Amino acid sequence: MKASTMIVSALAAVASAAPATSTSTPKRSSVDLNAFNQFNFNSLDLQYFNAINAFDLQSFAQLSAFNNLDIGGFQALFSNDVFDINALLQLQQIALLSQLGGLGVFANFDLSAVQFAVVDLGLVSAIGGFDVSSLIDQSLVSQIQTVVQTTRITTVAV
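Here the working numbering is used: the first residue of the sequence shown is 1, the next is one more, and so on.
Simulated from the structure, these hints should not be mistaken for laboratory data. If you're wondering where the values come from, they're calculated on a predicted model, not measured in any experiment. There are no misleading hints in this set.
Label pairs and their computed distance ranges (CB to CB):
1. D131 x I52: 16 to 22 Å
2. Q145 x S112: 34 to 40 Å
3. A157 x G128: 31 to 37 Å
4. A126 x A65: 31 to 37 Å
5. Q145 x A76: 20 to 26 Å
6. V141 x Q115: 32 to 38 Å
7. V124 x Q75: 21 to 27 Å
8. V114 x Q145: 31 to 37 Å
9. I52 x F109: 25 to 31 Å
Here a beta-carbon is modelled for each residue, glycine too, at the ideal position from N, C-alpha and C.
When you get a sec, could you build the whole thing from the sequences and use the hints?
This is the structure:
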């Protein structure tokens with residue numbers, strides 16, 4: 001075993017044994033819930049996805065309030081009545097962020113430098129605006145409305 005390998009191994013052991021700080025992160029900013037339609041989707045189809053997947057939007061809002069995540073780019077997703085490919089991509093980002101936030105992955109991280117944007121589709125960017133709701137059979141709309149109305153959506157508070 002080389003001396004450099006032994007030194008690196010020893011330092012790694014010391015670093016992993018060091019106690020972690022247990023200070024709780026103070027609330028750094030507030031989220032204007034009205035700007036985000038109280039985190040209720042204006043689109044029935046997106047609200048349906050929220051109902052059947054039970055997204056943890058509370059964790060998402062807390063990432064903004066406690067970890068400085070800039071969620072301004074997601075505002076239109078909640079306030080607009082649009083169900084296109086771009087909206088689905090943003091919804092997937094919210095789902096992933098809220099799951100990771102709920103698990104505490106970002107507990108002591110300042111996320112102010114993280115910038116989220118819709119995936120750049122390059123030369124085929126026009127497909128991002130494709131109206132996905134045009135693919136939904138109109139006979140299903142009443143069932144979708146029933147699911148949305150009967151599912152308890154938790155209120156987000158920060």
